[in-house]
Amino acid sequence: MKYYDYPKLFVLALPVAIFFVTFFIVPMIQLVIIGGSGEIGESSYLSIINKPRHFESLLATLILSIAVTITALIISTATGLFLVRNIFPGREILLSILTFPLAFPGVVIGFLIIMLAGRQGLIGWITKALYGDKIVFAYSMLGLFFGYLYFSIPRVILTIMAAAEKLDKSLEEAAKSLGASPYRIIMDIIIPALKPGLIASGAICFATSMGAFGTAFTLATNIDVLPMTIYTEFTLNANIAGAASLSIVLGLVTWVALFIARSLSGQTVAVSG
Amino acid sequence: MNKKTIFFIQLFFTLLVCSFLVIPVFLSVLAGVTQNFFVGIKSGFTIRWIVEVLNLYTDTIYLSLLIAITCLLLTLIIGIPAAYVLARVGGRISRIIEETIVLPIAVPGLAIALALIIIYGGFRDFRTSWYFILVGHVLYTLPFMVRSVLAVLSSFNFKEMEEGAASLGASFWTRFITIVLPNAKSGILAGSLMVFTLSIGEFNLTWMLHTPMTKTLPVGLADSYASMRLEVASAYTLIFFIMIIPLLLGMQLLSKDKI
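Going line by line, the protein sequences match chains B and D. With positions in the first sequence counted from 1, the corresponding number in our numbering is that position plus 3. With positions in the second sequence counted from 1, the corresponding number in our numbering is that position plus 881.
What the hints contain is simulated information worked out from the structure, not anything from laboratory work. Check before you lean on any hint, since a few could be wrong.
Listed next, the in silico PhoX-like pairs over lysine-lysine satisfying Cα-Cα at most 25 Å (straight line) [to be verified]:
| no. | chain 1 | residue 1 | chain 2 | residue 2 |
| --- | --- | --- | --- | --- |
| 1 | B | K11 | D | K1040 |
| 2 | B | K131 | D | K1066 |
| 3 | B | K179 | B | K169 |
| 4 | B | K172 | B | K137 |
| 5 | B | K169 | B | K198 |
| 6 | B | K137 | D | K923 |
| 7 | B | K179 | D | K885 |
| 8 | B | K179 | D | K1040 |
| 9 | D | K923 | B | K172 |
| 10 | B | K179 | B | K198 |
| 11 | D | K1040 | D | K1066 |
| 12 | B | K172 | D | K1040 |
| 13 | D | K884 | B | K169 |
| 14 | B | K11 | D | K1066 |
So that you can see chain B by itself, here it is in the shape it has in the complex:
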């Protein structure tokens, strides 16, 4: 059966091959070529380091993404472990709540942060009632941080919970019976066992934050994060080569991060913030 099936398998694979080559491979190659075709040629790929405005935007995006990743990992490990280890009424509901924002588009998450910390937001309203002073931070770096956290938590929790299910309970019990403190159990047994899951979900979270456009589009009108810089270069400055080279660099970064995640956990979650 194996050999004479190959022509038919080829027929089955043909539509996807044609579509993919026409609308992805060829355009992406063209993007790489255009990226190196600006006034400064191939060196425009270095503009992300040479050009102060681009470098600052890269730096800001990196710092923001790392901060979001660390925070999301801590929060999600705490809640994920709790939900895996305790069965109680209402647990299912909490689980659904924690995972349902997975498919929210970035723009909507941006708007939700406005509802929370914008000019008519909840935090502004509470702080005004308490101190007479309205605190508004939706449109700042802090607002972006919370927005990114919003879409990161569900992604990370799913991976952590999957890893936590596989934890070997007997190791912990052995440690406990030998007199290990809860702190030592966490540091020496739980964290090492969760490590692949933590790295994988951290990489997913980092990649998603680096490439997040929707949330930034709603909130970061005055902040240069990399996707916004690319967007401005393309639409306002009509610097197509610059936008192309920046997006290639950004694409490489997110691809490497997700590649690490996939090889560790076999999981892929969309870069759709």
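Got chain B; can you put chain D on it based on the hints?
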């Protein structure tokens, strides 16, 4: 600390995280049905903002549904065979091809949209039609269909079943339709829900690919966030939630045994 205290501290923390996710959704739903959100709910409830949104943005809802349905059909037609071929061929080649097909979710939508505009932006009729957005959506959602079907196919020995059928004289196409498709049903269903949901909510690619005549729901949302009063933006978001939440619940039900 005794066990009970630790439990309640953890529960409290989890509830805190949940409220961070839920409260803004609740607020936006509330704002969408409130006369004047600045004054508060004492100004009374109304559906006038929802009506206003429906007057202004109904086309975006229809266009999003049209694109999502077409996108789903296309990913089914080209994605299922692709997953089957990958599962049949196996080995390193199949791994490399899978890695390539997954690229559109690893690369930010912005980059893909730029690439599409650079190369096909000159074809005016194509650029200004909704097919241009459709191409982006199929690229972005195809990996989910392929992986979902591939995961199911790799979980049981369909090759043995096929061999059995082949020895009884079943042709390639008969086997594909009567063995592969029925057995991959759960993967196809999960993939379909995912594709449809992602297409309805896709913004990163769509914002770059859309034209004033081809606005999808998320594009309209971004539009209303920037230029409409909070109540209208909220009502619009509420409509979006009503469309997307059943899909999300369906996805959660399907993946329940995985959690």
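These are the hints, each one checked on the structure:
Under the criterion of a C-alpha separation no larger than 25 Å, the hint pairing B:K11 with D:K1040 is consistent with the structure, at around 16 Å. A threshold of 25 Å between alpha carbons decides the hint, and for B:K131 with D:K1066 the separation of about 55 Å lies outside it, so the pair is violated. For the given pair, B:K179 sits about 19 Å from B:K169 by alpha-carbon distance, which is consistent with the 25 Å threshold. Restraint check for B:K172 and B:K137: not satisfied, since their Cα atoms lie roughly 49 Å apart, outside the 25 Å limit.
As the CA atoms of B:K169 and B:K198 are separated by approximately 12 Å, the hinted pair is consistent with the 25 Å bound. Simply put, B:K137 and D:K923 have alpha-carbon atoms about 21 Å apart, close enough for the 25 Å limit, and the pair holds. Proximity of B:K179 to D:K885 is assessed by CA-CA distance (about 18 Å); at most 25 Å being required, the pair is judged to hold. Proximity of B:K179 to D:K1040 is assessed by CA-CA distance (about 48 Å); at most 25 Å being required, the pair is judged violated.
The hinted pair formed by D:K923 and B:K172 fails the criterion: a straight-line CA distance of about 53 Å is larger than 25 Å. At roughly 21 Å between alpha-carbon atoms, B:K179 and B:K198 fall within 25 Å of each other, so this suggested pair holds. In summary, the hint linking D:K1040 to D:K1066 is supported, as the alpha carbons are separated by about 16 Å, within the 25 Å threshold. At roughly 37 Å between alpha-carbon atoms, B:K172 and D:K1040 are farther apart than 25 Å, so this suggested pair is violated.
About 23 Å separates the Cα atoms of D:K884 and B:K169, which keeps this hinted pair within 25 Å; it holds. Proposed proximity of B:K11 and D:K1066 is supported: the alpha carbons are some 22 Å apart, at most 25 Å.
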